[in-house]
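K.L.:
Note that full-length UniProt numbering has the sequence shown beginning at 1, numbered continuously upward.
Do not take every clue at face value.
Stated by the list, open to error - Mimicking EDC-like on lysine to aspartate or glutamate, the simulated pairs with C-alpha atoms at most 16 Å apart in a straight line are: (1) K190 x D94; (2) K190 x E244; (3) K221 x D180; (4) K190 x E168.
If you are wondering where the hints come from, they were derived from the structure by calculation, not from laboratory data.
Because the structure is a prediction, the values reported are computed rather than measured.
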Amino acid sequence: MRPAQLAEILDYEFVAASAGQHTPVMLWGPPGVGKSQIVAQIAARHAVQVIDVRLSQMEPSDLRGIPFRVEQHGKSAVEWAAPSLLPDALRHGDRGVLFLDEITSAPPSVSAAAYQLILDRRLGDYRVPEGWAIVAAGNRQGDRGVSYAMPAPLANRFSHYEVEANLEDWVAWAYANAIDPRLVGFLRFKPELLFDFDPSRSGAAFPSPRSWEFADRALQKFGERPDLLPGALIACVGQAAGIEFAAYLESLTQLPDLDAIVAGGLADVPQTVDLQYAVAAALAGRALRVRGSPEAALVWGRILDYAGRLPLREMGVMLVADLHRGIGPELFALPQFSAWAGAVADLLLYE
Numbered sequence: 001m002r003p004a005q006l007a008e009i010l011d012y013e014f015v016a017a018s019a020g021q022h023t024p025v026m027l028w029g030p031p032g033v034g035k036s037q038i039v040a041q042i043a044a045r046h047a048v049q050v051i052d053v054r055l056s057q058m059e060p061s062d063l064r065g066i067p068f069r070v071e072q073h074g075k076s077a078v079e080w081a082a083p084s085l086l087p088d089a090l091r092h093g094d095r096g097v098l099f100l101d102e103i104t105s106a107p108p109s110v111s112a113a114a115y116q117l118i119l120d121r122r123l124g125d126y127r128v129p130e131g132w133a134i135v136a137a138g139n140r141q142g143d144r145g146v147s148y149a150m151p152a153p154l155a156n157r158f159s160h161y162e163v164e165a166n167l168e169d170w171v172a173w174a175y176a177n178a179i180d181p182r183l184v185g186f187l188r189f190k191p192e193l194l195f196d197f198d199p200s201r202s203g204a205a206f207p208s209p210r211s212w213e214f215a216d217r218a219l220q221k222f223g224e225r226p227d228l229l230p231g232a233l234i235a236c237v238g239q240a241a242g243i244e245f246a247a248y249l250e251s252l253t254q255l256p257d258l259d260a261i262v263a264g265g266l267a268d269v270p271q272t273v274d275l276q277y278a279v280a281a282a283l284a285g286r287a288l289r290v291r292g293s294p295e296a297a298l299v300w301g302r303i304l305d306y307a308g309r310l311p312l313r314e315m316g317v318m319l320v321a322d323l324h325r326g327i328g329p330e331l332f333a334l335p336q337f338s339a340w341a342g343a344v345a346d347l348l349l350y351e
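All chains, full assembly: derive it from the sequences and hints.
P.N.:
The following block contains the structure:
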């Protein structure tokens, strides 16, 4: 399932927790596909805390807590102090997300200790506060990680979803998180490199949504050091993808003058597909950066004019779709949008 769809499902599940209708969710997927990121997005949207519990790093007793003796009615008894890592309404708030990450890497003895926590929302005398959603995530067997088969009693306590990498969802996330437009343009040009994980292939680094975020950081750190940048990119996304991205960056010296485009001046239009992807991504990034400024509508209109000049009309459609994703319905009010839409009406109807 696409990350955007899963985010909607988790949003509903989070809201349902306060109404007592929540079903614990298990997210399956290979490493780096964005499982943890989806959970973080939901928590940020509702301004609540995520408590990240790594069962793979625990002993069974870590969940139960520490026993201590009490006197009750003249007799000694043992009660349990719940571990501080579990949600507490006073310390963590009435609502939040309990995230059991790497659950499939936990030994069976530890996952068995979590049965009651997941299904009954309690462990002994401890209770998960109402308003807290329970989400778990883990890699599949065969994903070249430490992974145990999920016991049937535990599996039956979840609703299960498999996370799949999706370029459009990643692009939306990238623009919202100020990822370098050059990276967006490259993955538009080479979508198969967004996620390229082969469990049978040796090597540490491989392309994934997570490792491309690392590549973006490398681009910001080493962008002025062409002697270091290729090696840094390879270290993030692997040799093949790193070399391709470095070569793509070198080709961008042939890009038209972006400042001239947004200023309404004359600018060349690239003829090769790779450069068209690059200029489209760069212009979408420029459009988002001026959002809320007095000149925003003027800049957007000029970008729409340029979209109509791209040799591949599908490239213009992609650019305008990215603009709409980031800007919203304000785009439709621009006269340049009507002119552009009229020029590609046959293509839009066909699509």
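K.L.:
If a hint holds in the structure, say so; if it does not, say that too.
P.N.:
Quick rundown of the hints versus the structure:
no. : hint        : verdict
1   : K190 x D94  : violated, 44 Å
2   : K190 x E244 : holds, 9 Å
3   : K221 x D180 : holds, 12 Å
4   : K190 x E168 : holds, 13 Å
The structure does not agree with numbered hint 1 stated previously, though it agrees with all others.
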